[in-house]
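Build out the structure end to end from the sequences listed, making use of the hints.
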Amino acid sequence: MKSVIKRSFSDFFFEYETPRQVLVKNRRIAVVCRIIQLGVLSYIIGWVFMYEKGYQTVDTAISSVFTKMKGVSFTNISGKERIWDVADYVYPEQGDSSFVVMTNYISTEGQKQGKCHELPDGKNKCTSDADCDEGKYKRTGNGQMTGKCDTNTSTCEIYSWCPVEDDRQIPDPPILWTAENYTLFIKNSITFRQFNVVRSNLVESVNQSYMNKCLYNRQTDPLCPIFRLGDIVERSGFNFSEIARVGGAIGVLIDWDCNLDLNIRHCKPKYEFYGLYGTGKNDKEEKPSLGYNFRYAKYYVEDKVEKRTLMKVFGVRIDIIVHGRAGKFDIIPTLTAIGSGVGIFGVNPTLPPSQKERELQKVTYHLNHSTTGPCRIIACLHKQLFNLICGHSNL
Amino acid sequence: MKSVIKRSFSDFFFEYETPRQVLVKNRRIAVVCRIIQLGVLSYIIGWVFMYEKGYQTVDTAISSVFTKMKGVSFTNISGKERIWDVADYVYPEQGDSSFVVMTNYISTEGQKQGKCHELPDGKNKCTSDADCDEGKYKRTGNGQMTGKCDTNTSTCEIYSWCPVEDDRQIPDPPILWTAENYTLFIKNSITFRQFNVVRSNLVESVNQSYMNKCLYNRQTDPLCPIFRLGDIVERSGFNFSEIARVGGAIGVLIDWDCNLDLNIRHCKPKYEFYGLYGTGKNDKEEKPSLGYNFRYAKYYVEDKVEKRTLMKVFGVRIDIIVHGRAGKFDIIPTLTAIGSGVGIFGVNPTLPPSQKERELQKVTYHLNHSTTGPCRIIACLHKQLFNLICGHSNL
Amino acid sequence: MKSVIKRSFSDFFFEYETPRQVLVKNRRIAVVCRIIQLGVLSYIIGWVFMYEKGYQTVDTAISSVFTKMKGVSFTNISGKERIWDVADYVYPEQGDSSFVVMTNYISTEGQKQGKCHELPDGKNKCTSDADCDEGKYKRTGNGQMTGKCDTNTSTCEIYSWCPVEDDRQIPDPPILWTAENYTLFIKNSITFRQFNVVRSNLVESVNQSYMNKCLYNRQTDPLCPIFRLGDIVERSGFNFSEIARVGGAIGVLIDWDCNLDLNIRHCKPKYEFYGLYGTGKNDKEEKPSLGYNFRYAKYYVEDKVEKRTLMKVFGVRIDIIVHGRAGKFDIIPTLTAIGSGVGIFGVNPTLPPSQKERELQKVTYHLNHSTTGPCRIIACLHKQLFNLICGHSNL
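Here the protein sequences come in this chain order: V, U and W.
Under the numbering used here, think of the first position of the first sequence as 140, with each following residue one higher.
Under the numbering used here, think of the first position of the second sequence as 140, with each following residue one higher.
Under the numbering used here, think of the first position of the third sequence as 140, with each following residue one higher.
Treat the hints with care, as some may be off.
If several chains are the same, the list does not tell them apart, and a pair holds so long as it fits within one copy or across any two.
To be verified - Straight-line C-alpha distance at most 30 Å; calculated DSSO-like pairs for lysine-lysine:
1) 446 to 262
2) 437 to 254
3) 207 to 409
4) 451 to 219
5) 287 to 209
6) 443 to 219
7) 275 to 451
8) 251 to 443
9) 277 to 262
10) 451 to 352
11) 277 to 352
12) 446 to 287
13) 219 to 277
14) 262 to 207
15) 409 to 467
16) 275 to 207
17) 254 to 209
18) 443 to 287
19) 264 to 352
20) 207 to 254
What the hints contain is simulated information worked out from the structure, not anything from laboratory work.
Spelled out as structure tokens, the structure:
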């Protein structure tokens, strides 16, 4: 018994098996095979290793964005001069990655709770009190109907903030058309946890003195983190005067694609601009619901009565989106890439077999040309896939 | 020397090697083997190609969301009539993808800086001045203790915004219970950079006239971008009157799964609704810290004294989340999918070998049935894995 | 004809082919080969299965975060006492996942529209009216120039909100330095759609009574969802008094890595803290544009004139980021992992061949030691890759 175990053990450790080989001598097939092997080899080296960097582990970034607008606008509406600065035109105020820059507005001052008639804009017509359901609310309406029909305007009377906002006419040109010259400063920090790397878009070449003067330009200043609003709008395919009037949304993409095998200095952001909501350059068709607007109220008390100023704000909404990706050499993905390359496509270095082994193991056949028609080529391809998988055996 | 190189070269290019084959004739094993091969083949075609679309490259979307609520509520609190419109009940105002719709509130008007006693809610009891550490702040308290204990209420005196908010009783029914009928309009734009495709949730069939009337319904109007708040709440598994009273959070998922090999018109969003924070349909258990509320202050000056109205706002928080994914045919993943399919599982088309080759290369064994017990079947499975990997050689 | 089809059919189903094997008896090579096989086997079991859990399908979470600060600060600025509570110092108010806690500010009260001179901070000097372009705006300026140079301050006269904010001196120590003791409560809900699992960071052990008292501590209370602001700041590598003065940004990462094959109770969050924008622990260098601040205005009407209080707010911005990932056993990835393991590395269980088969199929060679120099070892490695791929054939 003991000797059986011992023999099995020694068999297991001291013998190994390998398929027997046939050496086929045939020019046409062999050349096709070598070409296929070459293609596979260049695929693995060129694509898997060079292009897709299969030898790296990849981490995606945790990112944080802080924004700050600068610039003032001066308006003169029927003799009333007014200056607008950043605290007046940015919503929300705290420097978020998604914010709105007001470029136009419809202001309804002195609204207070009460009864008044609906806006005669054609959507809320009535001919008699029967058309105005008491206590009901119309989707296109601004308040709760009292049940009366105002005969002057042919609209229902409503309980609402009165007077009702009249937004039938959007100011043209936009009130804050000088918003074009506002500047946007973006501070973006990314963290690659896996590699313990923290990086900011204020890279080495962006120092304080440069930032005091620079303005982003794709060719000359691609790293300057200060952007002119008009440039952003135009780069994303919009027309500024159009977007300033009715509003619009723009995506600013900060793209980090870092190869951490190189010096960290080469890890730099790229800025791209997209028009969102279908009026950008990629989408010329007419679409419903263009523009970007929202309503906003400032409340105050006057003579013991609560009042509000309602603003319908049109503006440029900017969404800053960060794509961060870093790769670094790692032994596991390298082995896996080589392994699956060798495994799937079998790129084995061909080792010249010694003469003796060749004699011992191989059997050579000479196929004559009559057996190598098109059908044979297909056979070779099929065969070759096999060889690609299993490689050569030269022992 | 020259002739040696020449011969090596011609050997390399004009010869190739392939394992020698054995042809085994055995019904039982062969049938098992064919069945396994069939299973593998259907796995690759059915799963890898049909289901997982292994022949496509995939891109995830950059997305932007804009929201707009509509609707008014009318309240009558002890004779004081008031109308609430969108500028009054949405936080923040600018149409973000995450926002809160106020459905209930506790308002504390006329707060001003000063000294007053803590709320006698059982959390901040004191029996003597020694219990009220001067200059300290209790986690459950509302201000800085002055060191005195108010004997009437048995609570510490504090320096705070006075009077202190009394939130022991949440209004029931919720003050703005008609919020159920508000509508939410969602505009969502997605960009697949890799394929240069921009798409909006206002797809072809959603035109202006449709949008004026439609309301989302899973069966009848699955593409209408206008949602009734009550429907959203119910679809996510909450009870509206409950959530309106104490607040709650709901996730609206916009799911895009686009096959760009088809016409772009088939790339449509799907809307799904999730209850968050443990009161939704997926989670019946009682959990701590239910509800959703936050505090908000409106400041004003009265008789030269700064005052504020503190609002404890209960509401429905809606988080809109976009999952965008598009696939398109590409040659590289197709080859990789075929390659790894062939490589790993070796689905080779079996080519009938010519009689001559069979004679030349193969050796046929006939195994009798005595050698094909259960142990043999396992051997076959093991063997089959080998065959699956290395396929057949028919030259 | 019929019989030919029948025979092909029976050939296809009742025969199968397998490569012929050579059994090589050579200790040195065989041992190397077995060691390589062992390494590969442990790679697959240890790495692919144990470490990377290759047998699971993975889903990433949809998450929602709600935050709530607590705490009050008491300030005494030149005799004017004031208490600050959560409605006064958090921006935005609605409990977002990204918010700012004010720790310091520069307040400019009573600003109104008018003409005044620029701040004499060295950036906006002028010597004569010619330096002040009428109707223009300087990037470093606060308003639109009127064309006059104020000779007292040597700065241009501007049309602006007057008086201009003077932010040359940042209050030191920070006004709200007691912000260190504020607490942050985080409620985080995650949903794994694929597995129909909803989970909150208020896990089983975090009940109401625990939450009333607990405070996050990495060692003793790693699951308590209540964090002291000072602790967060210190854990992220900042110095609190520094960050409170000029502001800063901190990322709070909630990391969920759940194995749903275990009981759901083991699915717990981990909290991590990162300093963002280059002043954290990972980045000691001096960088431009330190700090975090934004401007905010409160508007009011006094004697029929619109005025505002401008606040330059310095604070700690907290971005809460959720990484959610859950794995669960699934048959498809298990088969794929085994398949590619077997396929690429060919870990086949070695089945002892019966003596008869060995006689039938194999041919044994005894290589003498003279043929096993270093060159042979390489040959073995190469060979071994083949064996790893194609395994053993023992039929």
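Hint check:
| no. | hint | in the structure |
| --- | --- | --- |
| 1 | 446 to 262 | within (27 Å within a copy, 38 Å between copies) |
| 2 | 437 to 254 | both (20 Å within a copy, 25 Å between copies) |
| 3 | 207 to 409 | within (19 Å within a copy, 32 Å between copies) |
| 4 | 451 to 219 | both (19 Å within a copy, 27 Å between copies) |
| 5 | 287 to 209 | between (50 Å within a copy, 23 Å between copies) |
| 6 | 443 to 219 | both (27 Å within a copy, 14 Å between copies) |
| 7 | 275 to 451 | both (24 Å within a copy, 28 Å between copies) |
| 8 | 251 to 443 | both (11 Å within a copy, 18 Å between copies) |
| 9 | 277 to 262 | within (10 Å within a copy, 47 Å between copies) |
| 10 | 451 to 352 | between (35 Å within a copy, 23 Å between copies) |
| 11 | 277 to 352 | between (54 Å within a copy, 11 Å between copies) |
| 12 | 446 to 287 | within (25 Å within a copy, 39 Å between copies) |
| 13 | 219 to 277 | between (36 Å within a copy, 23 Å between copies) |
| 14 | 262 to 207 | between (41 Å within a copy, 19 Å between copies) |
| 15 | 409 to 467 | both (20 Å within a copy, 25 Å between copies) |
| 16 | 275 to 207 | between (44 Å within a copy, 21 Å between copies) |
| 17 | 254 to 209 | between (42 Å within a copy, 20 Å between copies) |
| 18 | 443 to 287 | within (29 Å within a copy, 36 Å between copies) |
| 19 | 264 to 352 | between (57 Å within a copy, 16 Å between copies) |
| 20 | 207 to 254 | between (42 Å within a copy, 25 Å between copies) |
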